[in-house]
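> Sequence:
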Amino acid sequence: MKKRFIVAVFALTFVFCSCTNGSNGAGEATEISSEVQTLSEISVTEEKSVSEQFKYTVNEYGVYITGYIGGQTVVTIPTEIDGTKVYKVSDNAFRGSRVEELIIPEGMTQVKCIKGAYHLKKLVLPTTADKIDTLELAYLPELDDIEVTEGGHFIASNGVLFSADGKTLVFAFDCGDDYAVPEGTEEIGKFAFSHKKLRSVSFPSTLKTIGQRAFEDCENLLKTDPSSSNTRSTNMEFT
125 MKKRFIVAVF
135 ALTFVFCSCT
145 NGSNGAGEAT
155 EISSEVQTLS
165 EISVTEEKSV
175 SEQFKYTVNE
185 YGVYITGYIG
195 GQTVVTIPTE
205 IDGTKVYKVS
215 DNAFRGSRVE
225 ELIIPEGMTQ
235 VKCIKGAYHL
245 KKLVLPTTAD
255 KIDTLELAYL
265 PELDDIEVTE
275 GGHFIASNGV
285 LFSADGKTLV
295 FAFDCGDDYA
305 VPEGTEEIGK
315 FAFSHKKLRS
325 VSFPSTLKTI
335 GQRAFEDCEN
345 LLKTDPSSSN
355 TRSTNMEFT
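Using my numbering, you'd call the opening residue of the sequence shown number 125 and step up by one each time.
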């Protein structure tokens, strides 16, 4: 009798465990299925969202992008929307957006769409870009990286953007507190070091021109004589 009782209890226990495990398995399968569905929905949304992420108008020239209304932090400016070529992007297209990385596509020559993109941390330039608004760059407090495509009009070295020939220092995006302008540099462009927390800067013997407001609001900067490596104790100011 005892043996029969033990067998019966064992059978009931086995059935109970099997049902419980089956229930958990089904729950896990449901959760996985739900996750897959969610990812699928996200993918579909991303695939069809290019035209939905931008404000734009269409005219005889093509698409004119006037604003970004998407929620992505990494954004590539499209070259076309719904089969129509993008011919222009507004200066204020990314003003107030949460974009942290902006990729400028090949074919775009002027970079003027960064005005007010205060959360921008990284800017990726194509080979075709030959002009960039350094005044607007100077007012982007979080920008610390400019990536340059090889073979273009710019090169980047030690946190500083130069012209491809190295003769013009275009903009310092992450040059640190103390910076030595390299030999061979002939010109420092407008707003090149504006709003940077420089303590000292030294100039090369090759330097010929310092652009307007190149060191604007660099309050702690000590002036270095272009013909000497000795640092003076006077504040540098260019207007």
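These aren't lab readings, by the way, just hints derived from the structure by calculation.
It should be emphasised that the depicted structure is a prediction, and the values quoted were computed from it without experimental measurement.
We treat Cβ as the ideally placed atom computed from N, Cα and C, and that holds for glycine.
Among these hints, one or two may not hold up.
Computed beta-carbon distance windows for the label pairs [claimed, not checked]:
hint : residue 1 : residue 2 : range
1    : Asn183    : Thr273    : 27 to 35 Å
2    : Gly231    : Gly191    : 17 to 25 Å
3    : Ala304    : Gly231    : 31 to 39 Å
4    : Glu184    : Gln336    : 31 to 39 Å
5    : Val198    : Lys291    : 26 to 34 Å
6    : Asn282    : Gly207    : 39 to 47 Å
7    : His243    : Tyr188    : 22 to 30 Å
> All hints are to be evaluated individually against the structure, with a verdict given for each.
Now for the hints, and whether the structure bears them out:
no. : hint                         : verdict
1   : Asn183 to Thr273: 27 to 35 Å : holds (30 Å)
2   : Gly231 to Gly191: 17 to 25 Å : holds (21 Å)
3   : Ala304 to Gly231: 31 to 39 Å : holds (36 Å)
4   : Glu184 to Gln336: 31 to 39 Å : holds (38 Å)
5   : Val198 to Lys291: 26 to 34 Å : holds (33 Å)
6   : Asn282 to Gly207: 39 to 47 Å : holds (43 Å)
7   : His243 to Tyr188: 22 to 30 Å : holds (24 Å)
When the structure is compared with the earlier hints, no violation turns up for any of them.
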